[in-house]
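Visitor: With the sequences and hints as input, model every part of the structure.
Number of protein chains: 4
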Amino acid sequence: MDVGFLGLGGMGRAVAANLVAAGHRVRVWNRSRPPVEELARRGAEAAATPADAFRGDVAITLLADDAAIREVGLAGPLLEQAPSGLVHVNMATVSVDLTRELASAHAARGLGYVAAPVFGRVDVAAAGQLAIVAAGAAGAIDRAWPLFEVMGRRTWRLGPDPVAAAAVKIAGNFMLASAIEALAEATVLASRYGVSAESLLDVLTNSLFDAPVYKRYGALIEGRKYEPAGFRMVLGLKDVRLALAAGEAARVPLPFASVLRDAFLEGVAHGDGELDWSAVAEVSRRRAGPDL
Amino acid sequence: MDVGFLGLGGMGRAVAANLVAAGHRVRVWNRSRPPVEELARRGAEAAATPADAFRGDVAITLLADDAAIREVGLAGPLLEQAPSGLVHVNMATVSVDLTRELASAHAARGLGYVAAPVFGRVDVAAAGQLAIVAAGAAGAIDRAWPLFEVMGRRTWRLGPDPVAAAAVKIAGNFMLASAIEALAEATVLASRYGVSAESLLDVLTNSLFDAPVYKRYGALIEGRKYEPAGFRMVLGLKDVRLALAAGEAARVPLPFASVLRDAFLEGVAHGDGELDWSAVAEVSRRRAGPDL
Amino acid sequence: MDVGFLGLGGMGRAVAANLVAAGHRVRVWNRSRPPVEELARRGAEAAATPADAFRGDVAITLLADDAAIREVGLAGPLLEQAPSGLVHVNMATVSVDLTRELASAHAARGLGYVAAPVFGRVDVAAAGQLAIVAAGAAGAIDRAWPLFEVMGRRTWRLGPDPVAAAAVKIAGNFMLASAIEALAEATVLASRYGVSAESLLDVLTNSLFDAPVYKRYGALIEGRKYEPAGFRMVLGLKDVRLALAAGEAARVPLPFASVLRDAFLEGVAHGDGELDWSAVAEVSRRRAGPDL
Amino acid sequence: MDVGFLGLGGMGRAVAANLVAAGHRVRVWNRSRPPVEELARRGAEAAATPADAFRGDVAITLLADDAAIREVGLAGPLLEQAPSGLVHVNMATVSVDLTRELASAHAARGLGYVAAPVFGRVDVAAAGQLAIVAAGAAGAIDRAWPLFEVMGRRTWRLGPDPVAAAAVKIAGNFMLASAIEALAEATVLASRYGVSAESLLDVLTNSLFDAPVYKRYGALIEGRKYEPAGFRMVLGLKDVRLALAAGEAARVPLPFASVLRDAFLEGVAHGDGELDWSAVAEVSRRRAGPDL
Chain A
1 MDVGFLGLGG
11 MGRAVAANLV
21 AAGHRVRVWN
31 RSRPPVEELA
41 RRGAEAAATP
51 ADAFRGDVAI
61 TLLADDAAIR
71 EVGLAGPLLE
81 QAPSGLVHVN
91 MATVSVDLTR
101 ELASAHAARG
111 LGYVAAPVFG
121 RVDVAAAGQL
131 AIVAAGAAGA
141 IDRAWPLFEV
151 MGRRTWRLGP
161 DPVAAAAVKI
171 AGNFMLASAI
181 EALAEATVLA
191 SRYGVSAESL
201 LDVLTNSLFD
211 APVYKRYGAL
221 IEGRKYEPAG
231 FRMVLGLKDV
241 RLALAAGEAA
251 RVPLPFASVL
261 RDAFLEGVAH
271 GDGELDWSAV
281 AEVSRRRAGP
291 DL
Chain B
293 MDVGFLGLGG
303 MGRAVAANLV
313 AAGHRVRVWN
323 RSRPPVEELA
333 RRGAEAAATP
343 ADAFRGDVAI
353 TLLADDAAIR
363 EVGLAGPLLE
373 QAPSGLVHVN
383 MATVSVDLTR
393 ELASAHAARG
403 LGYVAAPVFG
413 RVDVAAAGQL
423 AIVAAGAAGA
433 IDRAWPLFEV
443 MGRRTWRLGP
453 DPVAAAAVKI
463 AGNFMLASAI
473 EALAEATVLA
483 SRYGVSAESL
493 LDVLTNSLFD
503 APVYKRYGAL
513 IEGRKYEPAG
523 FRMVLGLKDV
533 RLALAAGEAA
543 RVPLPFASVL
553 RDAFLEGVAH
563 GDGELDWSAV
573 AEVSRRRAGP
583 DL
Chain C
585 MDVGFLGLGG
595 MGRAVAANLV
605 AAGHRVRVWN
615 RSRPPVEELA
625 RRGAEAAATP
635 ADAFRGDVAI
645 TLLADDAAIR
655 EVGLAGPLLE
665 QAPSGLVHVN
675 MATVSVDLTR
685 ELASAHAARG
695 LGYVAAPVFG
705 RVDVAAAGQL
715 AIVAAGAAGA
725 IDRAWPLFEV
735 MGRRTWRLGP
745 DPVAAAAVKI
755 AGNFMLASAI
765 EALAEATVLA
775 SRYGVSAESL
785 LDVLTNSLFD
795 APVYKRYGAL
805 IEGRKYEPAG
815 FRMVLGLKDV
825 RLALAAGEAA
835 RVPLPFASVL
845 RDAFLEGVAH
855 GDGELDWSAV
865 AEVSRRRAGP
875 DL
Chain D
877 MDVGFLGLGG
887 MGRAVAANLV
897 AAGHRVRVWN
907 RSRPPVEELA
917 RRGAEAAATP
927 ADAFRGDVAI
937 TLLADDAAIR
947 EVGLAGPLLE
957 QAPSGLVHVN
967 MATVSVDLTR
977 ELASAHAARG
987 LGYVAAPVFG
997 RVDVAAAGQL
1007 AIVAAGAAGA
1017 IDRAWPLFEV
1027 MGRRTWRLGP
1037 DPVAAAAVKI
1047 AGNFMLASAI
1057 EALAEATVLA
1067 SRYGVSAESL
1077 LDVLTNSLFD
1087 APVYKRYGAL
1097 IEGRKYEPAG
1107 FRMVLGLKDV
1117 RLALAAGEAA
1127 RVPLPFASVL
1137 RDAFLEGVAH
1147 GDGELDWSAV
1157 AEVSRRRAGP
1167 DL
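Chains as they are written, first to last, in the working numbering: chain A, 1 to 292; chain B, 293 to 584; chain C, 585 to 876; chain D, 877 to 1168.
For the record, the hints were derived by calculation from the structure and aren't laboratory data.
Even glycine gets a Cβ: it sits at the ideal position worked out from N, Cα and C.
Accuracy of the hints is not assured; some may be wrong.
For each label pair, taking beta carbons as the anchor points, the in silico distance ranges come out as [said to hold, decoys possible]:
#, chain 1, residue 1, chain 2, residue 2, range
1, B, V414, A, S196, 29 to 37 Å
2, C, G723, D, D1167, 30 to 38 Å
3, D, D1167, B, E490, 32 to 40 Å
4, D, Q957, B, P369, 24 to 32 Å
5, A, P290, C, G723, 47 to 55 Å
6, A, G73, B, G515, 41 to 49 Å
Taking lysine to aspartate or glutamate pairs in the EDC-like style, the calculated list, with each CA pair at most 20 Å apart, reads [said to hold, decoys possible]:
#, chain 1, residue 1, chain 2, residue 2
7, A, K238, C, D681
8, C, K822, A, D52
9, B, K517, B, D494
10, A, K238, C, E832
11, C, K822, A, D97
12, D, K1091, C, D794
Guide: Next up, the structure:
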């Protein structure tokens, strides 16, 4: 398939490399050039401009956030020059507001728009094992399906409205953050009663909390090893903000998200914004006093 | 083994029946008589008074809460008449304060004290598959070990201080409650964007949240089916209170527990105290407006 | 003085009328025309366009929010046509981000910019008794001073950076909202113990809480009389959002603001957005159960 | 009048001294002796035991907390030996649960019970300017009225049920704590935007927040001068706990109280428990990062 690809951060590089390896023709663009050159060495074509990449059968974008998406012109200018019938698959975590705006901007220009955010980190992406949540017109999803099969372990179809996929991704990240915060608070509490994080997690992750999220973040919190960051705290704060904004737009109070916001913000204030978001455990620890 | 058993609620009946079935001699006592008679029909001996049951090699108690434990006299009178060397295994969820008091009261009278709270509901107990968290003197735990093997799938040893086991149980229930609240908020949020609870949970429990707790409570929240209660909301509120009290005694702020307290309290205020604690999802729903 | 005036909501009409009455030459503009005509009848000049009003010695704006300010062009286009040396006095409650943007956009075009938000409602404005918080270049504030003397009971000078005034206004409204929420929770609590809101407020506002804010909002909450709204709940929610955004930009966690956000949002979700913001007391009441 | 007086902390000494000075016969008891001797030098009679003091026309108690009240025997033993018809006026801040228990224990023994907590600190008490909130049988309040007139600036009658007075006191202290927390958060926020606490407070306490509470605590927070403590943070935490317990018993969620609990607890964890409770401002400051 003829695939355009914009956004070669860690996730983008992993996904694009898999598409190339699977035999697709992939034109890649990124704001900085080194990732483009790296992908080109692996068989992708280097695109000089976003417009050069935003064409073909399917154009995939994996940009950092709402601002980056606007900056590249995906809410306007870039769409003007796109070939009619192009299907744009946006795999980033995006606000519900921008999702609605993008969906209607694409529809107005005869372009397909699929929101297809993913769960999984770079290593999962590299292994082609992402969990993909796709929403958009059925035909557009069908077109992208062979690509999803390369990238992911499983793809869920969430119906024709892209905002559904955005909401699931935002809700999922909110739940991840909540699990981390609960782990953080529980770990500090237990430690005050002589129970090591290791012991606590051994019990919990081998009984009711036998899930990847608790094992992964439990290990990070236990070891207080937050670098290199799998997902940076500033991004965690951003995603909590997306949840709060989605809640506000839909009039859904989210008291856990409010607590998370304050906790991540406190972590960032203390200089931990570039650490893994599980470093929010250090916020819990600090609040419990200087002796811990 | 010669086992005393006090407290024949749902959990107590299931555990005691397994001990009888495994060939142990079990003397059972309960405040109300019918459960005693039921167990007697299955081969247990009926004890007329707490003191009559609180003897043998090991005495197990599975009473409702701190108040019930005090009422039976386990913080004082009942210990006076207990045979020297008796090992008391307390399997209830107990406050850290009472745990410390019990540990020292038993020690003062030459009795063994093991805190051995469990994770699992009645059906899990009936299947002999409980997760048991034991703390107390090693010799005392050794004595009870054959009983733990009958009751549980696995027993963790958490060292000589019973408060460690109490803390793990309290921390674990706090994490359960947090997972439920996160599910509740996420479900309401997603529903406002056209995503059914069923879809949301299909994605989440088949990716990062592939754990018993999310599957079980996700299904209850999805179906809004909170009866019969697996664990009543009033007990959830009680356990959150135990977490807050443990945090306060150890000077550990627990902002998630504060949110949980207010949510469960609101649920109880609206008449849902006897429903399963996952009915806290109805609190999230109600807060989001009358039209949901 | 030659004064331009943009924004004739309730506050704007009251302030502009006072300036006219004090003998100033006032050119008024508003998006809808009736308020313009009303002021014209009282001696103001009707401006046909924002640019027509945005000139003279001082231009005052009292627009609804950030969006209205941008829409009129005050962050860009409108400044291009403004006469050099014009001093713009912005009396609205504005985000810290927009304040910084406006300050620098004005400076770049040689225009003065004074942030001068006010405390007080329409009746206070009509009486010329506003509390005005002004920040900007000293010369620019000096130029506007005679106007402040007409409008207000007292004006504070907060230095050269307009963001200082924006922050004080945002902090002040956050404190107002906090006082209302505290009143709301306390009132519901006391009522459950047989103490009427009237009794509670009689004690409190005649002892430690002998302040206008407690008397005013106490009376509204006591009477459950939230219409006509002195300040609508949707605006309260907006101002809490400004506080949270200011906190986030400066990395200051504001847990009370998080609670306020959820409470106002819940009030709006229940259809009370157009009521006075003290109707947040109904949220406290509803949470305490259907029987209250 | 013949007055017994138990509890000679700072408040107790000030009140008792005023009663002596007003010509009443006052028998004083305290757990430690020096305050007893001090009052004796000023004309009081020294009582050797609580029972020796708990008699006369009216017995006033001003003990530290629920535990101290129980310890002295006021929920039981001490009442047995009290002369029939004695009116007990309890001026301490007491839980609603203990208030109910005391009211019924006194009634059962034919003793009068008036809950009469006060607003005001030691200096206010010394000046005879307390605000007194009295609830109990009308005749019992009448009996104590001349004493209230000596102690206070004004006394409110809140009806026959002592719990009403307890609730007003608890609600009032909750509102004080809320005002302090709002000041704390607002001050830190404003400081990040270049506004000193002095400037912020000058504006606020001269406009909408022109109340003793904001002036007093604003000054303490501005000067970061938390010693000597007017009211210690550990007592603040205790009173927030009373509010939460009263809320829980009456099924009233109090989200502000939950935030306050976590903030005071964090302050205590950081060693500030003996400082004035306005030192909770240091919690806000610390959360905003190490550079503030």
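Visitor: So, for every hint listed, does it hold in this structure?
Guide: Status of each hint after checking the structure:
{"no.": "1", "hint": "B:V414 x A:S196: 29 to 37 Å", "in the structure": "holds (31 Å)"}
{"no.": "2", "hint": "C:G723 x D:D1167: 30 to 38 Å", "in the structure": "holds (33 Å)"}
{"no.": "3", "hint": "D:D1167 x B:E490: 32 to 40 Å", "in the structure": "violated (48 Å)"}
{"no.": "4", "hint": "D:Q957 x B:P369: 24 to 32 Å", "in the structure": "holds (27 Å)"}
{"no.": "5", "hint": "A:P290 x C:G723: 47 to 55 Å", "in the structure": "holds (48 Å)"}
{"no.": "6", "hint": "A:G73 x B:G515: 41 to 49 Å", "in the structure": "holds (45 Å)"}
{"no.": "7", "hint": "A:K238 x C:D681", "in the structure": "holds (17 Å)"}
{"no.": "8", "hint": "C:K822 x A:D52", "in the structure": "violated (41 Å)"}
{"no.": "9", "hint": "B:K517 x B:D494", "in the structure": "holds (18 Å)"}
{"no.": "10", "hint": "A:K238 x C:E832", "in the structure": "holds (11 Å)"}
{"no.": "11", "hint": "C:K822 x A:D97", "in the structure": "holds (17 Å)"}
{"no.": "12", "hint": "D:K1091 x C:D794", "in the structure": "holds (11 Å)"}
Comparing the model with each numbered hint stated earlier shows that hints 3, 8 do not hold.
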